[in-house]
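Asker: Sequence:
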Amino acid sequence: MNFSDYLKNANKTLREAAAETGISYELLRKYKNKQRRPRIENMLILRNWTNGAVTADDWYMPANDNKPQDQNRNEALK
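Reminder that position 15 of the sequence shown reads as 15 in the UniProt record's numbering, one-by-one numbering, no gaps.
To be clear, the hints were calculated from the coordinates, so they are not data collected in a lab. Treat the hints with caution; some may be incorrect.
[Unchecked claim] In silico lysine-lysine, DSSO-like type, Cα no more than 27 Å apart, as pairs: (1) K32 to K12; (2) K8 to K30; (3) K8 to K32; (4) K8 to K34.
All values derive from a computational prediction rather than experimental measurement.
Make the full structure from the sequences, and use the hints.
Answerer: Spelled out as structure tokens, the structure:
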């Protein structure tokens with residue numbers, strides 16, 4: 001689950017997250033908007049804060065939007 005989805009599902013605001021994690025509001029806003037990826041220390045804090053709902057993989061793995069892959073790219077890889 002990504003950080004933005006977690007906040008929505010948990011009915012938490014960025015201000016609450018900042019107060020509870022000790023991570024600045026501004027950094028959390030950038031993480032939420034995918035403008036920045038957290039350092040490992042903050043990934044661990046957020047994993048613990050979300051009880052494991054948001055993991056390090058969630059910051060790196062692209063969303064599976066079930067769209068077909070580009071056929072030209074697939075052909076070039078063969």
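Asker: State for each hint whether it applies.
Answerer: Status of each hint after checking the structure:
1. K32 to K12: Distance of about 12 Å is within 27 Å: holds.
2. K8 to K30: Satisfied, since the Cα-Cα distance of roughly 16 Å is no more than 27 Å.
3. K8 to K32: holds, 11 Å
4. K8 to K34: OK: K8 and K34 at ~15 Å, within 27 Å.
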